[in-house]
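J.: Single-letter residue listing:
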Amino acid sequence: MLLKNQNTFAIEVNNLVKTYKGGIKALDGLTFNIRSGSIYGLLGPNGAGKSTTVKILTTLSKPDSGEANVLGIDVLSQPDKIRRIIGCVSQKSGVCYDSTGRENLILQGQLYGMGGKYLKERVDELINILKLEEAANRSTLTYSGGMLRKLDIAMGIIHNPQILFLDEPTTGLDPEARATLWEIILNLSKQEQVTILLTSHYLDEIDRLADRVAIIDQGKVIIEGSPRELKDKLAGDVIKIELLKNYSNSIFHVEDVLKKQEGVIEVKIKSKELQLQVSRGASILPNILQVLQSLSIEVASVEIIPPSLDVVYLKYTGKRIEA
Amino acid sequence: MESTSKNFFKDLSVMFGRSMRHIFRSMDTINTVCITPIAMMLLFVYVFGGAIETGTENYVNYLLPGILLMAIGSGIAYVAYRLFTDKQRGIFERFHSMPIARSTVLWGHVLTSLISNGISVVVIILVALLMGFRSSAGILEWLGVFGILGIFTLALTWIAVIAGLAANTPDGAGAFAYPIVFLPFISSAFVPTDTMPKVVRAFAENQPVTPIIEAIRNLLANQPVGNDIWVALAWCLTITVVAYLFAMRVYKKI
Chain U
1 MLLKNQNTFA IEVNNLVKTY KGGIKALDGL TFNIRSGSIY GLLGPNGAGK STTVKILTTL
61 SKPDSGEANV LGIDVLSQPD KIRRIIGCVS QKSGVCYDST GRENLILQGQ LYGMGGKYLK
121 ERVDELINIL KLEEAANRST LTYSGGMLRK LDIAMGIIHN PQILFLDEPT TGLDPEARAT
181 LWEIILNLSK QEQVTILLTS HYLDEIDRLA DRVAIIDQGK VIIEGSPREL KDKLAGDVIK
241 IELLKNYSNS IFHVEDVLKK QEGVIEVKIK SKELQLQVSR GASILPNILQ VLQSLSIEVA
301 SVEIIPPSLD VVYLKYTGKR IEA
Chain R
1 MESTSKNFFK DLSVMFGRSM RHIFRSMDTI NTVCITPIAM MLLFVYVFGG AIETGTENYV
61 NYLLPGILLM AIGSGIAYVA YRLFTDKQRG IFERFHSMPI ARSTVLWGHV LTSLISNGIS
121 VVVIILVALL MGFRSSAGIL EWLGVFGILG IFTLALTWIA VIAGLAANTP DGAGAFAYPI
181 VFLPFISSAF VPTDTMPKVV RAFAENQPVT PIIEAIRNLL ANQPVGNDIW VALAWCLTIT
241 VVAYLFAMRV YKKI
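Heads up: the protein sequence lines correspond to chains U and R, in order. Start counting the first sequence at 1; every next residue gets the next number (my numbering). Start counting the second sequence at 1; every next residue gets the next number (my numbering).
Okay, chain R solo, but in the shape it has when bound:
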């Protein structure tokens, strides 16, 4: 372990550069990650939207937070896939026989995930603006929104790292993301939870996605966020820490 810590940031910047190059060389990742949520947004606003009663006059405003979470949910599948390919192709072996800070091999992918999901989020917000999304949020509220989305991405990315490290096939590496992408459906993302049957409602109101969505929605509407933001942060931080520790354990065994 000696002398590796002082190289951590140097190695990390090299790893980050490598991973970012992969993202920008094929814009597929960002395109694919954006297309489905944008299509969902169009579908819900222009097809189902008229029939949905949310109590807000602008359904895009109501819908956007959930769409953003879905985009991040599908975006992190690529982290798992990339890590899996690195492992499969012998790239891990090469890095591990070199004098580098080992954890940077993972952190490079994690940082790239934050950046590429950030780009997707911005693209989707721009499309939402075209569709009539309006926000009265100030700079602090926007920072809060990006902060929550950032920690949410971090939490899911570390789950993706576990999936990528543990997978035996490329399909397996990406499969874990499906439930995450669909969690927003059983939450307050599309419709208020009070129309749901009891059991579903209980689940919807107590799963992590709902407080995150409520917190973002209120921040964007410049409304008081209440407890939601703390519940949201607690969920995200807990998942991040647990997933990180578990990922590191799996990583050490490779």
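Excised from the complex, chain U in its bound form:
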């Protein structure tokens, strides 16, 4: 059963096209599939079509053409059914001011038809999970940006949705608040087995959270894969080795030997520093160190630097993503 679940798609998006008034093409044949239980990242700059995609999938907007279904239910013809199984945290905080965090959660639950003891327990549970105990009974006017986002997420999952949409959940937050939210999102994915569609223009966020990512630009998927795969396609990791002495005499010799090793793409030497471009740093490193040892070259330090999504983004869109 578990295996079967992992192989089915929770969200299928096929060839979505959406043109706004004035001829601005927000989506231009967008296609992707999301596996059940995974976190899927949509990465792209402002205006790439991320929010439009989320709006269509959450029944807030209709595409000009194309198909989308969530858990096998057609988004366009059965919006009511979709609204029951999804949870949304949109870019703008949907929190009501003049109310406390707890009141917001109760209101949200009631609108999903929850009530009584069950709702009360779920509210307490969420306040606990999101560490909002201290703030729960205070007016949300006193909340920080990070606290508001936590409350937004709690409101988005109060009804135990199977699918959760997070549209730029950490935009505008300080690093500490972002790190806390990341942990919360990862835990949600693990413990509640929610399928999460996450949009972001933060590369580190996608790298940290997403099982798979689609880089989108001008309403199309430019490339898709796990963050690791995308980075591997780029040219793998860089292994940086600091040597104890300057081996300038034998430089050519070392370089040639290393270049012949499996998985090594390129070797650069600058006095005491050796830089190797390799396909997979961790699996190749032992062999490299062994080779160096056999040549009686002493090593001071070793570092594996994975390539960043930043570089991937630049390569496939030809531009840098503005954070």
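Hints may be right or wrong, so weigh each one.
Example chain U residues on the side facing chain R (calculated, C-beta under 10 Å, incomplete) [what the hints assert, rightly or not]:
id, residue
1, L60
2, D80
3, R83
4, G94
5, R102
6, E103
7, Q110
8, Y112
9, H159
The set of hints was computed from the structure by calculation and includes no laboratory data. No experiment lies behind these values; they were computed from the predicted model shown. Idealized CB from N, CA, C, for every residue including glycine.
Go by the hints and put chain R onto chain U.
T.: Structure of chain R alone, referenced to chain U:
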């Protein structure tokens, strides 16, 4: 649309509760709505009143209906403002991605407007009583007064909904109320229309506020209301229906 109708009243009660909580959490709304009309009432009764000939011995009795309409006119500006903030803050988006009867998002605000304006009206009537307002109206007449005021509030509230949904700034959302607040000045609210110049008089006698005021005034004085009440109801119902349909159209486009 399936299955939403059966949730309509459940969703409405949740939305209504939310909106009422906002009203009672900050009593500002009711205070602000009451203060200006009460000040006007004091001003007209104790400053200008002596110089105004209305043909009634008690000027508070003459003045009260117009003051009540002014209070409602300023009260509904808050509906526009609240709807605008809901739209602006992404609360509409949240509600619309949930399995609820959509129109309850608006109806919650509309019901709250009826209640909060009702409270303002009662407060102002109590102050008027202190100032010497007396009525010989029976229960039926009072029900008639509240009925007319209720439909008048409903009509203006749906106009406020349009303003709130269509506005781009919070100031814009409230601005539409000013002309409504001042309509009573060019009516029989403060002075009888027969002292006005021809053109102004023609306007005053044919705008919706005058028949509403006359109907309420006669009901409170336990006098025959004649045609005024039907003209008043026709105006209010027409405005309600037209504004409601238009508001729903604007709402669907959001």
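J.: Give a verdict on every hint.
T.: Taking the hints in turn, this is what the structure says about them:
no. : hint : result
1   : L60  : 6 Å, holds
2   : D80  : 6 Å, holds
3   : R83  : 4 Å, holds
4   : G94  : 3 Å, holds
5   : R102 : 12 Å, violated
6   : E103 : 7 Å, holds
7   : Q110 : 5 Å, holds
8   : Y112 : 7 Å, holds
9   : H159 : 9 Å, holds
Checked against the numbered hints above, the structure breaks only hint 5 and satisfies the rest.
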